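**Student:** Chain by chain, the residues:
2 protein chains.
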Amino acid sequence: MAPLTNGRVFFNAYPEGYPVPGKTTVYDATETIDLDTVPLNGGFLLKTLELSIDPYMRGRMRPLNKTMYAAPYEIGQVIPSFGVGVVLRSENSKVKVGNHIYGLLEHRQYVVRKDLEGLQVLVNPSNLPWSAFIGVLGMPGRTAFMAWKEYSSGRRCGETVFVSAGAGPVGSLVIQLAKLDGLKVIASAGSDEKVQFMKDIGTDVAFNYKTTKTADVLEKEGPIDIYWDNVGGETLEAAIDASRINARFIECGMISAYNSGHTFPIHNFGQIIGKSLTFHGFIVDRLREKWEEEFYKTVPPLVASGQIKFKEDMYNGLESVGDAILAVQKGTNKAKVVIHVADE
Amino acid sequence: MAPLTNGRVFFNAYPEGYPVPGKTTVYDATETIDLDTVPLNGGFLLKTLELSIDPYMRGRMRPLNKTMYAAPYEIGQVIPSFGVGVVLRSENSKVKVGNHIYGLLEHRQYVVRKDLEGLQVLVNPSNLPWSAFIGVLGMPGRTAFMAWKEYSSGRRCGETVFVSAGAGPVGSLVIQLAKLDGLKVIASAGSDEKVQFMKDIGTDVAFNYKTTKTADVLEKEGPIDIYWDNVGGETLEAAIDASRINARFIECGMISAYNSGHTFPIHNFGQIIGKSLTFHGFIVDRLREKWEEEFYKTVPPLVASGQIKFKEDMYNGLESVGDAILAVQKGTNKAKVVIHVADE
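Read top to bottom, the protein sequences are chains V and S.
Note that my numbering has the first sequence beginning at 1, numbered continuously upward.
Note that my numbering has the second sequence beginning at 1001, numbered continuously upward.
Fair warning: there could be bad hints in the mix.
[Said to hold, decoys possible] Listed next, with one range per pair, are the computed distances between beta-carbon atoms:
1) P301/V / R1062/S: 51 to 61 Å
2) S191/V / A1215/S: 58 to 68 Å
3) A1215/S / T37/V: 56 to 66 Å
Hint data in this document are derived by calculation from the structure and do not stem from the laboratory.
Since this is a predicted model, take the numbers as computed values, not measurements.
Even for Gly, the Cβ is constructed at its ideal location relative to N, Cα and C.
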């Protein structure tokens, strides 16, 4: 078979402010690969199918500092993100041709991997789309499920949760888990289309924070017992103001600060004492061991039966990675962003 | 018996900034009482012995707002604080002459109370000074013990705790509980005399934050696994910067903000995510039911045996209440402030 183009995406420059497509990351089509003859050296050859674009990736686009938990992207290297690939050839006894593999994958059409370190072979008895495994069944879904289980303790029918960025893959699963637990759910997002999706999945009070003031909604619909924070900044301050005694704050992300070079100061943090508030920051990797088994037992059947819904915003091809990264940082995406690299 | 002066302290005006002795609170000696004939109406007559002056009292010196947990002092009313009194006469079958009573007492030399609501009869088998029951064995001691037990979870030999305001009645008990648990203790206070006391009770690294930069000490002696916060503000930011992954923050007080009319913004709160930090705010009353029995089983014997030490800064008479309140807010007190109202 003649060599094929093996497209890839390089990390090219640290951005100031928002990432710039074609500058921060660059698509390159100069590499070729012969799928039949590329040496495997005991490993296996993957064809990349779906790649995930997530908010946290912005944190990897800067030099190492003490608040970071993921290693920086290296300039001139192919960027990795979570993805799903299918095995075309294998010399590794643990990996079969046709297996679907999940984990941090290079942004490259085809890649040879030595072993399964950091990867897992997916099982998909309900024949769900493979893109689901980088969203509701992947890192974002695990983030929502594991931290909800770990930190929403004491949740009861009749409590109220507020979820920011509720149309994303994390927020939308949190909303649905909270509804299954019997809570009243208030959720915000930045477009009417996202608000509609939040309503479709059962949100009691869904609003567009760009046209309605968060503090006003919480004043009217609160007080809140749990805040799932994906954004930080003024929204977090509004949630503190609207919180009830013993409220729990689950600090998942602070996208409001990712592109500004600094985190917004929190002016009303002193309320933590008088209201006996608890704040839990977390990285999902650190909850994985405790909750992974329950996650895979619980969530895929709910997704397969349609009880848990998800929505995707599909981008086609590695050429679109730069635009997709920017859309996720700006919030102009319509739902969970998936780079559809190839059909099987 | 001829009527005696019954001195008392009024709350006179909301302060702006620091409370002003003689203006914020006013001592008044115009009331008299005849101890033999004052009607009890089924209640009992208390002679006030010791009254506690604590940082939280500043919060009661402002109109009600949503961050408050204690009711405001009322202008023109006698102020209450925790104290110990002895029963001189009683018509209540649950209260005997000679009983010592603990609870929120009016700042008045003699007072008639109807029943034990909000009060408790003290037992003192080791014959400790009654003032100890408003410090290490009173609300401050309970604050330290109950929240340490509740929130320092996962504490292990080899962990490091940082305690601010470590020479006060709360901080000094936290230091000693942490040493009993095998932790390394770093602690700060605002005078060399306080630093010496912190060393005397076993603090590994005691420093004067007015002459040594907190961030520098934590950089050298940290990272920290637990921060017991009595002060908020820049000290809290330094603790966040110096915290290890999975560190716990016990938010007990924020005296840096009590007299400024606003809480200081926290600029580096975003680290909560990458470091998986947990912040617990609390009010000791809400922990009381769970931990009170263990407190009284554990702490008084340790105090009686000298394993747990405490230090007091005695002020004489109700005339000194205004000065004492100001000293506690400014930190110019030498140790736990006690108003010694009368000998038995």
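**Student:** Confirm or reject each hint.
**Tutor:** Right, here's what the structure says about each hint:
no.: 1; hint: P301/V / R1062/S: 51 to 61 Å; verdict: holds (54 Å)
no.: 2; hint: S191/V / A1215/S: 58 to 68 Å; verdict: violated (42 Å)
no.: 3; hint: A1215/S / T37/V: 56 to 66 Å; verdict: holds (58 Å)
Against the hints set out earlier in the document, a violation occurs for number 2 only.
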